[in-house]
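Visitor: Below are the chains, spelled out letter by letter.
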Amino acid sequence: MTPWFASVLLFAVAALGFLALGSVLAAILALSVRSQLKLWQPRSRHAALLSIAVMPAACSFWLLLCASAPAFIALLVPELDHCALHADDHAHLCFKHLPQGAVHGQVLLALIGVASYVFVRAAIAASSGMRALRVLRALSRTAQQRSDVAASIVDAAQPMCFTAGFLRPRVFVSRGLLETLNAAELGIVLLHEQAHVRRADALCSALARACAGLHLPRVRHWLLRELQLSAEQACDEEAALAVHDRLAVASAILRVERIAQGAPATHGLGMMAVAFGESAVEQRVCAMLDDPRQNSQLKLWSALGSAVAICGLVASGPLHHVTESLVSALAL
Amino acid sequence: MNHLWSGGDGEAKAVHAAIGKRRGISLNTIQSTLKRLFEKQLLEREKVSHAHVYRPRVSREAFHRGLIGELVGGLMKGQPDALVSAFVDLTERAGPEHLARLEALVAARRMKQGGSQ
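Sequence lines, in order, name chains A and B. Going by the working numbering, the first sequence opens with residue 1, and the numbers climb by one from there. Going by the working numbering, the second sequence opens with residue 1, and the numbers climb by one from there.
No lab work stands behind these hints, which were simulated from the structure alone. Bear in mind the structure is a predicted one, so any value in this text is a computation, not a measurement. C-beta atoms are modelled at their ideal positions from N, C-alpha and C, and glycine is treated no differently. Watch out, some of these pointers could steer you wrong.
[As the list claims (entries may be wrong)] Computed spacing ranges between beta-carbons, pair by pair: (1) B/LEU27 / A/GLN144: 42 to 48 Å; (2) A/SER51 / B/LEU27: 53 to 59 Å; (3) B/LEU27 / A/SER127: 30 to 36 Å; (4) B/SER26 / A/SER116: 41 to 47 Å; (5) B/ASN28 / A/LEU21: 39 to 45 Å; (6) A/LEU21 / B/ASN2: 49 to 55 Å; (7) A/PHE119 / B/ARG57: 38 to 44 Å; (8) A/CYS286 / B/ARG36: 46 to 52 Å; (9) B/SER32 / A/LYS38: 53 to 59 Å.
[Stated by the list, open to error] Output of the computed footprint for chain A on chain B, the stretches with three or more beta carbons under 8 Å from beta carbons of chain A: (10) 27-33; (11) 60-72; (12) 98-107.
[As the list claims (entries may be wrong)] A short list of chain A residues far from chain B (calculated; beta carbon distances all over 10 Å): (13) LYS38; (14) PHE61; (15) ALA69; (16) GLU79; (17) LEU108; (18) THR142; (19) ARG175; (20) HIS244; (21) VAL256; (22) VAL281; (23) LEU289.
Next comes chain B alone, as it looks inside the complex (with noise of 0.2 Å):
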């Protein structure tokens, strides 16, 4: 995918020789890879001559987006905290109110600090 996503040829012989050389993948298990995503709809395929050339059918942001809402909606059902520390939850707001009154609280500690100085 990251190979289509960043625009390289999408005939299996061309990902072959990109990426699948270089880390020992024979030119059966690119061509079984490139159908299995396929079939998943993640790619879209026309047929060139004798051969396929494959293109994404989702971009990378479309995919991510997918993964993290599967990842912390559905599969960990809405508790994602067991697999994801996230730096702000993931699935609960600070109320608006709230977080203004502790902005001006930081506001107004950073200024004693600057003042006290």
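Just chain A, with the same shape it has in the complex (with noise of 0.2 Å):
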């Protein structure tokens, strides 16, 4: 095993390290505001929920960002080389001194491991990805567009409407709902998802789904209902604001969901499930019924973040020498 190639296992197991910190802090978090967050306005809860989103894969960056700083340092200024300032007796996160050791086999194996599923799982989801938006391309061509619509039309009896597409999305119809929707409900649909265009919320929630792969099982699956969630509700809460009536906006959900409910199951969508608890339309319709909500901290929220990720660069030099410690007790 090269010094360099060993060099670069000591990284890896200090990114993985951090991942797993980032993981249980996220995790701490969550429990700790999920009562809190259902306060908040739609669209702060949405870009809180997605911070948290977030947080292992960049908690693990900036802290191993954090804890290089010093082989970063000593990389640009030689004087300031900070390994001959600690006992030799473990291997240095350094670009100058290299681990002399091999690292043991079973972390590289595990190492090895990981690395496989995550490529696995990136290659599927890749695949899968790509050809949705193949996918997404055909139905966009051959839809039919009305001047009288601001959405392409598809061609299909069952009730829907939705905002598609990473990078440039676009609002699809059914013929089924523009056939039964009046002008005024079809007015609040098309609002809504506009503002699902406007907000990028797709892109948004790809970058959440890539995300939470990181995160322990239950909080994903907490995580990932809120974000569509919220997504969903700060869509109509800008549709209310448009049409200053959020009654309206709870009938047209209603509405849909009724029509989507009487609609022989097509196929091809053989997975719709009843939702007997608490379902997403519930807690929507709720929320329009009530006034609209102005708390958020949000703004305290990223002062604390930002405070957190100084810290973390103020303290790179002992944040250096405990991954060191703890990566040669581990790894070496």
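The two chains are supplied separately, each in an independent frame; assemble them into the complex guided by the hints.
Guide: Right, dumping it as structure tokens:
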């Protein structure tokens, strides 16, 4: 094992450790703020949930950067080489003093296992995403356009309206829904979907899903559901603001849900499930019946997050040494 | 497909005259595209004189139904929100009792609002 390869493995072990720490911190944060978040306005709640979703990845990246800061500084200014300052009984997270010993075989195997798993999952997700984009392109090209409807019309009897696409999302509405809704209801549905386009919700959702794999299973499930709900509620709020009538939005949601329940099951949409508990529709309608929420502590959250990030950078020296000691004990 | 669904002539030369010239697509490209769509079983064809005349094998509705089913059910593993944001969830329905209760709630609120004005 060459010293450079051993050094890369040490950095990888440190990154994985920080990732695990980020997942645990995100789980603690999620547990402590989940009831408080319900009181926030949907737009801020969505932003907060998104930041929790990316927390393990962001935490790992930032802590690794902070822990590597002395090594980077030593590379740029050789006089500030920190390795001479501490005992040489463990490996250095350093680009100048490469580890002399080999990394444990079990650690190497575990790293290969993790890398293979991530590679396979990423390849499957990428292939699925590419195929989905191709299907979407076919749908866009063959959907009909009408001057009086600000959406592409899908020739389907099943009532549905959706926004799809990552970078250039488009609104689709089915012929079945167009024929059933009145002009006011259709206007609300399209306002809601156009809010998704403006907010780039599909892109945010894809990012959250990509990062969600780094969370503990229960946190992941809660996070993805809440993210979807808060995005829908944020778009409901935008539609309500545009038509100045929250009850009309609540009625439109119920009307579309009622039509969807009455429609025959469509081939390929056989996964329809009935939510006998508190469904997203119920929560969205109840939110529309309440007064709009004003409460949000997003600025406080941002300030706290920035402060913690700066603390990590300030404490990069001790963090570097602690990381070196732990990584050496674990991997060498 | 749009051209053929709208009843346009299905001979390659006619398709080229209708859409190929306008978009700067050569006759060869049109011919190979039609052949590919035929191989994918989206078109059927019959030989008239020396040329193939193509017709849609699936309707636009069946084609769209298949695409949406593939998008929602298959590709996104029943979790389409990674790509699709639907006005009401495409894979989950509220219970009928819940729905009736919510409708009554909205109607009562509307009446109350009307009464107070």
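Visitor: Now look at each hint and say whether the structure bears it out.
Guide: Hint by hint, here is what the structure shows:
{"no.": "1", "hint": "B/LEU27 / A/GLN144: 42 to 48 Å", "verdict": "violated, 27 Å"}
{"no.": "2", "hint": "A/SER51 / B/LEU27: 53 to 59 Å", "verdict": "holds, 55 Å"}
{"no.": "3", "hint": "B/LEU27 / A/SER127: 30 to 36 Å", "verdict": "holds, 34 Å"}
{"no.": "4", "hint": "B/SER26 / A/SER116: 41 to 47 Å", "verdict": "holds, 46 Å"}
{"no.": "5", "hint": "B/ASN28 / A/LEU21: 39 to 45 Å", "verdict": "violated, 60 Å"}
{"no.": "6", "hint": "A/LEU21 / B/ASN2: 49 to 55 Å", "verdict": "holds, 54 Å"}
{"no.": "7", "hint": "A/PHE119 / B/ARG57: 38 to 44 Å", "verdict": "holds, 39 Å"}
{"no.": "8", "hint": "A/CYS286 / B/ARG36: 46 to 52 Å", "verdict": "holds, 51 Å"}
{"no.": "9", "hint": "B/SER32 / A/LYS38: 53 to 59 Å", "verdict": "holds, 57 Å"}
{"no.": "10", "hint": "27-33", "verdict": "violated (count 0)"}
{"no.": "11", "hint": "60-72", "verdict": "holds (count 12)"}
{"no.": "12", "hint": "98-107", "verdict": "holds (count 6)"}
{"no.": "13", "hint": "LYS38", "verdict": "holds, 19 Å"}
{"no.": "14", "hint": "PHE61", "verdict": "holds, 22 Å"}
{"no.": "15", "hint": "ALA69", "verdict": "holds, 35 Å"}
{"no.": "16", "hint": "GLU79", "verdict": "holds, 50 Å"}
{"no.": "17", "hint": "LEU108", "verdict": "holds, 33 Å"}
{"no.": "18", "hint": "THR142", "verdict": "violated, 6 Å"}
{"no.": "19", "hint": "ARG175", "verdict": "violated, 8 Å"}
{"no.": "20", "hint": "HIS244", "verdict": "holds, 13 Å"}
{"no.": "21", "hint": "VAL256", "verdict": "violated, 5 Å"}
{"no.": "22", "hint": "VAL281", "verdict": "violated, 4 Å"}
{"no.": "23", "hint": "LEU289", "verdict": "violated, 6 Å"}
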